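Undergrad: Listed here are the chains, written in short residue letters.
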Amino acid sequence: NAGVTQTPKFQVLKTGQSMTLQCAQDMNHNSMYWYRQDPGMGLRLIYYSASEGTTDKGEVPNGYNVSRLNKREFSLRLESAAPSQTSVYFCASSALNTGLYGYTFGSGTRLTVV
Amino acid sequence: GQQLNQSPQSMFIQEGEDVSMNCTSSSIFNTWLWYKQDPGEGPVLLIALYKAGELTSNGRLTAQFGITRKDSFLNISASIPSDVGIYFCAGQQVGPDKLIFGTGTRLQVFP
Numbered sequence: 584n585a586g587v588t589q590t591p592k593f594q595v596l597k598t599g600q601s602m603t604l605q606c607a608q609d610m611n612h613n614s615m616y617w618y619r620q621d622p623g624m625g626l627r628l629i630y631y632s633a634s635e636g637t638t639d640k641g642e643v644p645n646g647y648n649v650s651r652l653n654k655r656e657f658s659l660r661l662e663s664a665a666p667s668q669t670s671v672y673f674c675a676s677s678a679l680n681t682g683l684y685g686y687t688f689g690s691g692t693r694l695t696v697v
Numbered sequence: 002g003q004q005l006n007q008s009p010q011s012m013f014i015q016e017g018e019d020v021s022m023n024c025t026s027s028s029i030f031n032t033w034l035w036y037k038q039d040p041g042e043g044p045v046l047l048i049a050l051y052k053a054g055e056l057t058s059n060g061r062l063t064a065q066f067g068i069t070r071k072d073s074f075l076n077i078s079a080s081i082p083s084d085v086g087i088y089f090c091a092g093q094q095v096g097p098d099k100l101i102f103g104t105g106t107r108l109q110v111f112p
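As given, the protein sequences belong to chains A and B, one line each in that order. Oh and the first sequence: position 103 is 686 in the working numbering, straight run, nothing missing. Oh and the second sequence: position 82 is 83 in the working numbering, straight run, nothing missing.
Hints in this document: simulated from the structure, not taken from any laboratory. Note that the coordinates shown come from a computational prediction; the quantities given were computed from them, not determined experimentally. A couple of the hints might just be wrong.
[As the list claims (entries may be wrong)] The calculated lysine-lysine pairs, modelled on DSBU-like cross-linking and capped at a C-alpha distance of 35 Å, are:
no., chain 1, residue 1, chain 2, residue 2
1, B, 52, A, 597
2, A, 640, A, 597
3, A, 597, B, 99
4, B, 37, A, 640
5, B, 99, A, 640
6, A, 592, B, 37
7, A, 640, B, 52
8, B, 71, A, 597
9, B, 99, A, 592
10, A, 654, A, 592
11, B, 37, A, 654
12, A, 654, B, 99
13, B, 37, B, 99
14, A, 597, B, 37
15, B, 71, A, 654
16, B, 71, B, 52
17, B, 52, B, 37
Bound conformation, chain A alone (with noise of 0.2 Å):
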């Protein structure tokens, strides 16, 4: 009972340093999301993915990039990294019409940029 799994815990970059966080999920999911968390600032989504070939902007997409590569895997790129991208970083994954069931999170990445 996978879920949803996260690459890498932890990492500490440099400023300006790139970086590509994986996730995968193994629950046939159609649909996948990236957070960041803040102390204070709740979930905020980054990007998403509502199927296989589709991404779109969240509400803080700037500095990110995203690859929806198959239906099981979305990656989520810092190209450049700076210290305000310091932060933990959550992928979910739904079913197509969530409401029924919610997201399920992975256990999130935890970033420093120094």
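With the hints as your guide, set chain B onto chain A.
TA: The following block gives chain B in isolation, referenced to the frame of chain A:
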């Protein structure tokens, strides 16, 4: 961006006490969800509400979907130490398959 107003921001209670938190919005939602996040983990779904006025329980947890469809509350009865964590409300509107999250209520339970 749109966010849900969740209160209180934090709570410090003694074991055995009841807890109440709520979530309000200026917009109408079709679904309300409540999640709990344990330290170092991702949020986990606790309760889902699908109809205005709906009252749903999950063990010691009870949640209600407000009649106006603009609010929801979560009650925890007889709190225990493992209730510690951050509780998030989330609402879904008609349209794109996205949830909007509240800012969270951090719960601390003292023995």
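Undergrad: Take the hints in turn and mark each one as holding or not.
TA: Verification of the supplied hints:
Using a Cα cut-off of 35 Å, the hinted pair residue 52 of chain B and residue 597 of chain A is violated, with the two alpha carbons roughly 48 Å apart. In summary, the hint linking residue 640 of chain A to residue 597 of chain A is supported, as the alpha carbons are separated by about 25 Å, within the 35 Å threshold. Note on residue 597 of chain A and residue 99 of chain B: the hinted pairing holds, with a Cα-Cα distance of about 32 Å set against a maximum of 35 Å. Only pairs whose Cα atoms come within 35 Å are accepted, and residue 37 of chain B paired with residue 640 of chain A is accepted, the gap being roughly 26 Å.
The hinted pair formed by residue 99 of chain B and residue 640 of chain A meets the criterion: a straight-line CA distance of about 11 Å does not exceed 35 Å. A threshold of 35 Å between alpha carbons decides the hint, and for residue 592 of chain A with residue 37 of chain B the separation of about 20 Å falls inside it, so the pair holds. This hinted pair checks out: residue 640 of chain A and residue 52 of chain B have alpha carbons roughly 29 Å apart, not beyond 35 Å. With a CA separation close to 43 Å, the supplied pair residue 71 of chain B and residue 597 of chain A exceeds the 35 Å bound.
A distance of roughly 25 Å separates the Cα atoms of residue 99 of chain B and residue 592 of chain A; the hinted pair therefore holds under the 35 Å criterion. For the hint pairing residue 654 of chain A with residue 592 of chain A, the CA-to-CA distance comes to about 22 Å; that is within 35 Å, so the pair holds. Of the pairs offered as hints, the one joining residue 37 of chain B and residue 654 of chain A holds, with about 27 Å between alpha carbons and a cut-off of 35 Å not exceeded. For a cut-off of 35 Å, the pair hint linking residue 654 of chain A to residue 99 of chain B stands: about 17 Å separates their Cα positions.
Under the criterion of a C-alpha separation no larger than 35 Å, the hint pairing residue 37 of chain B with residue 99 of chain B is consistent with the structure, at around 18 Å. Restraint check for residue 597 of chain A and residue 37 of chain B: satisfied, since their Cα atoms lie roughly 32 Å apart, inside the 35 Å limit. Between the alpha carbons of residue 71 of chain B and residue 654 of chain A the distance comes to roughly 34 Å, so the proposed pair stays at or under 35 Å and holds. Distance restraint check for residue 71 of chain B and residue 52 of chain B: the Cα-Cα separation of roughly 12 Å lies within the 35 Å cut-off, and the hinted pair is therefore satisfied.
In summary, the hint linking residue 52 of chain B to residue 37 of chain B is supported, as the alpha carbons are separated by about 21 Å, within the 35 Å threshold.
Hint violations for this structure: numbers 1, 8, all remaining hints satisfied.
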